[in-house]
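One-letter residues, chain by chain:
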Amino acid sequence: MAVIFVDNVEIDAEEGRTLLEVCLEKGIAIPNLCFIKHNDSPSASCRLCFVEIEGIEEPVTSCTVKVKDGMVVTTDSAEVRELQKTAFRLILSTHRIDCGNCPSRKRCELIKISRILKVKLSPEIYDPIERKVKAEEHPHLIYDISKCINCGKCVYICKKLHGRSYITFARRGIETGISFFGEKDAESIPCGKCRACADICPVSALLFYEHYSDLLKKQ
Amino acid sequence: MDDNLELIEKEMLDDISSFLEHVEPERSSLIPVLQKIQAKYSYLSSDAIKLIGKRLDLTSSEVYGVATFYNQFRFNPPGKHRIKVCMGTACHVKGGDIILENFERKLNIKTGETTRDREFSIDKVACIGCCALAPAVVVDEKIHGYVAPSKVEGIMLGFEIEKEMNERKERSSTENSDGEIIERQ
Ligand code: SF4
Ligand code: FES
Ligand code: FES
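From first to last, the protein sequence lines stand for chains A and B. Heads up, the first sequence is in the numbering used here, so the first residue is 1 and it goes up one at a time. Heads up, the second sequence is in the numbering used here, so the first residue is 1 and it goes up one at a time.
Warning: the hint list may mix true and false statements.
Dumping the calculated DMTMM-like pairs for lysine to aspartate or glutamate here, alpha-carbon to alpha-carbon at most 20 Å [what the hints assert, rightly or not]: (1) B:K80 x B:E21; (2) A:K134 x B:E153; (3) A:K112 x A:E57; (4) B:K50 x A:D185; (5) A:K134 x B:E101; (6) A:K184 x B:D47; (7) B:K40 x B:E9; (8) B:K54 x A:E57; (9) B:K80 x B:E26; (10) A:K160 x B:D57; (11) B:K84 x B:D123; (12) B:K50 x A:E187; (13) A:K134 x B:E113; (14) A:K106 x A:E210; (15) A:K159 x B:E113; (16) A:K132 x B:D57; (17) A:K112 x A:E130; (18) A:K134 x B:E9; (19) B:K94 x B:E113; (20) B:K110 x B:D123; (21) A:K132 x B:D47; (22) B:K80 x B:E24; (23) B:K110 x A:E210; (24) A:K68 x A:E57; (25) B:K50 x A:D76; (26) B:K54 x A:E187; (27) B:K110 x A:E82; (28) A:K132 x B:E9; (29) B:K36 x B:D47; (30) B:K124 x A:E130; (31) A:K184 x A:E137; (32) A:K132 x B:E101.
What the hints contain is simulated information worked out from the structure, not anything from laboratory work.
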């Protein structure tokens with residue numbers, strides 16, 4: 001067991017666990033979008049989970065830090081918030097904001113993060129970016145690239161559960177997004193019985209057809 | 001797709017299948033395999049991508065994901081006439097994207113695609129070395145400078161006329177060989 005201090009609160013935690021995970025379990029709000037439990041090599045790509053740790057000069061991403069006894073952590077210093085806000089606004093600039101018609105609604109992580117960071121749900125300083133990519137068809141899934149924030153969780157979980165990824169990142173730069181390679185053959189893919197990618201997507205950019213209609217009904 | 005194209009496609013896939021038999025079934029073979037096929041056929045068809053995936057024990061999307069990362073791969077067969085619109089810095093500043101959009105609209109395809117009859121394909125290219133003529137376009141091996149929307153119309157019209165003339169020639173030659181209609185006004 002290790003004892004750490006987060007925002008002046010003493011916390012017992014198992015040594016070697018991920019700092020972000022421990023904080024989240026204790027109800028400490030740290031914005032995060034790409035963190036996946038039990039992933040030993042986090043991509044740390046969303047750049048939202050910054051914290052300050054005593055003895056380390058610059059803020060660090062808490063999803064890549066392991067708990068050590070005596071660690072002193074601050075989660076909401078001015079510098080941390082500045083970094084998080086910039087990262088969040090950049091993410092928002094690629095996410096088409098249309099909450100009124102979005103099937104995600106309350107599930108959406110972006111809404112939660114905007115409250116923590118007190119950032120309005122609009123691109124503000126950065127011009128919105130539109131990814132002009134043809135939509136692909138899939139027997140089970142609907143993918144909306146204008147919502148996708150490229151966190152990579154769906155690709156990770158697909159590979160983890162099935163040994164290989166039936167969905168992957170395709171293209172690069174601004175046009176990067178998820179691709180199924182137009183897999184039309186429902187028999188050759190496991191998606192019919194699996195819902196993992198849609199469940200893990202923080203912004204509901206990936207949805208199953210039946211799920212989509214359910215969500216729309218609830219509104 | 002007409003029969004002829006189907007046949008070509010089938011031959012290509014048979015050839016790729018037999019080529020893949022000699023490839024080590026490992027992930028590391030992926031990029032060399034993609035390059036070989038691209039070099040030989042100038043594109044990676046979706047069936048070819050499936051075959052590669054099968055051989056290397058990857059999903060088709062994994063193969064596609066890797067291939068789309070690189071500019072050197074195309075996913076549609078090259079057209080008989082290849083239109084390459086420069087997107088280099090100078091051409092970009094001079095409105096290369098407008099020219100690109102003009103061709104796309106005219107041919108009703110997007111960049112990287114080929115018309116159904118495989119007559120035309122459009123690609124973006126980086127600086128082709130004639131920035132002074134920006135915006136520049138290469139059509140088949142010919143460079144066109146100071147391209148404006150009206151010039152796009154002109155280029156396409158040129159092809160239409162050429163096509164019509166060829167058709168007319170063909171018609172008159174078959175008619176001749178049949179020995180039926182010889183007199184033409
Ligand atoms: S579809 Fe969802 S889970 Fe997948 S990368 Fe986009 S935002 Fe992340
Ligand atoms: S959760 Fe740590 S960088 Fe995304
Ligand atoms: S930028 Fe187009 S020719 Fe140089």
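Checked hints:
{"no.": "1", "hint": "B:K80 x B:E21", "result": "violated, 31 Å"}
{"no.": "2", "hint": "A:K134 x B:E153", "result": "violated, 26 Å"}
{"no.": "3", "hint": "A:K112 x A:E57", "result": "violated, 29 Å"}
{"no.": "4", "hint": "B:K50 x A:D185", "result": "holds, 12 Å"}
{"no.": "5", "hint": "A:K134 x B:E101", "result": "holds, 16 Å"}
{"no.": "6", "hint": "A:K184 x B:D47", "result": "holds, 13 Å"}
{"no.": "7", "hint": "B:K40 x B:E9", "result": "holds, 13 Å"}
{"no.": "8", "hint": "B:K54 x A:E57", "result": "violated, 49 Å"}
{"no.": "9", "hint": "B:K80 x B:E26", "result": "violated, 35 Å"}
{"no.": "10", "hint": "A:K160 x B:D57", "result": "holds, 16 Å"}
{"no.": "11", "hint": "B:K84 x B:D123", "result": "holds, 5 Å"}
{"no.": "12", "hint": "B:K50 x A:E187", "result": "holds, 15 Å"}
{"no.": "13", "hint": "A:K134 x B:E113", "result": "holds, 12 Å"}
{"no.": "14", "hint": "A:K106 x A:E210", "result": "holds, 18 Å"}
{"no.": "15", "hint": "A:K159 x B:E113", "result": "violated, 30 Å"}
{"no.": "16", "hint": "A:K132 x B:D57", "result": "violated, 31 Å"}
{"no.": "17", "hint": "A:K112 x A:E130", "result": "violated, 23 Å"}
{"no.": "18", "hint": "A:K134 x B:E9", "result": "violated, 24 Å"}
{"no.": "19", "hint": "B:K94 x B:E113", "result": "violated, 24 Å"}
{"no.": "20", "hint": "B:K110 x B:D123", "result": "holds, 9 Å"}
{"no.": "21", "hint": "A:K132 x B:D47", "result": "violated, 25 Å"}
{"no.": "22", "hint": "B:K80 x B:E24", "result": "violated, 34 Å"}
{"no.": "23", "hint": "B:K110 x A:E210", "result": "violated, 32 Å"}
{"no.": "24", "hint": "A:K68 x A:E57", "result": "holds, 17 Å"}
{"no.": "25", "hint": "B:K50 x A:D76", "result": "violated, 49 Å"}
{"no.": "26", "hint": "B:K54 x A:E187", "result": "holds, 15 Å"}
{"no.": "27", "hint": "B:K110 x A:E82", "result": "violated, 40 Å"}
{"no.": "28", "hint": "A:K132 x B:E9", "result": "violated, 29 Å"}
{"no.": "29", "hint": "B:K36 x B:D47", "result": "holds, 16 Å"}
{"no.": "30", "hint": "B:K124 x A:E130", "result": "holds, 19 Å"}
{"no.": "31", "hint": "A:K184 x A:E137", "result": "holds, 7 Å"}
{"no.": "32", "hint": "A:K132 x B:E101", "result": "holds, 13 Å"}
This entry does not satisfy hints 1, 2, 3, 8, 9, 15, 16, 17, 18, 19, 21, 22, 23, 25, 27, 28, going by the numbered hints stated previously.
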